[in-house]
Amino acid sequence: DQQVKQNSPSLSVQEGRISILNCDYTNSMFDYFLWYKKYPAEGPTFLISISSIKDKNEDGRFTVFLNKSAKHLSLHIVPSQPGDSAVYFCAASATGGFKTIFGAGTRLFVKA
Amino acid sequence: DAGVTQSPTHLIKTRGQQVTLRCSPKSGHDTVSWYQQALGQGPQFIFQYYEEEERQRGNFPDRFSGHQFPNYSSELNVNALLLGDSALYLCASSPWDRGQGYGYTFGSGTRLTVV
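Chains as they are written, first to last, in the numbering used here: chain C, 1 to 112; chain R, 1001 to 1115.
Excised from the complex, chain C in its bound form:
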């Protein structure tokens, strides 16, 4: 049962343009959502998170939007840079729960 879904296995974007990575979830108990970035041969690195009481959180070039009614979140990267090329994982957790559930990831290619 995939509770966190990233339906796009890959995304290709031109340098300087916006990258939009999408994520859907099914469990209404999730109240925190996180994005991680993973380079080859490295572990995932935490990027940004958002609480379910917010609909937007921004950190530099990275912005996460949450639509609770649609059970959908997205990560916007503006402007995209070649160094952003990596696999991005969406993850979710519930208050009182200990585990974080990850999606399958989206591979982002930023072309120079």
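Calculated directly from the structure, the hints in this document are not laboratory data. The hints are all genuine.
Derived list of chain C stretches under chain R, where covered just means 3 residues or more per stretch with a C-beta under 8 angstroms from a C-beta of chain R:
#, segment
1, 20–34
2, 41–55
3, 100–111
The structure presented is a predicted model; accordingly, all values stated were derived computationally and were not measured. Here a beta-carbon is modelled for each residue, glycine too, at the ideal position from N, C-alpha and C.
Position chain R against the provided structure of chain C, taking the given hints into account.
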């Protein structure tokens, strides 16, 4: 400041054998979670340890077991290895009293190949 350290980085085992993977958490972190990442998939939660106790477990058989030591380091043991256990095993650490929005710090993982 050292992050999460995992050893070994690569390992090849034969079906039926047993394996032990090791993890040292980031300084200041007291909670360790283990994840299995199969090729093309996201990390799957195995279990989490705090105060030397298993706090929660994912959908993994009893062949997967763990331990946490007083210095917060942890081991993941897998018995009776199957070909399907071949994966990247990730260790993640965090403070127990972290807020929900506090992300994990991951190690680079141990690549286990079962032949």
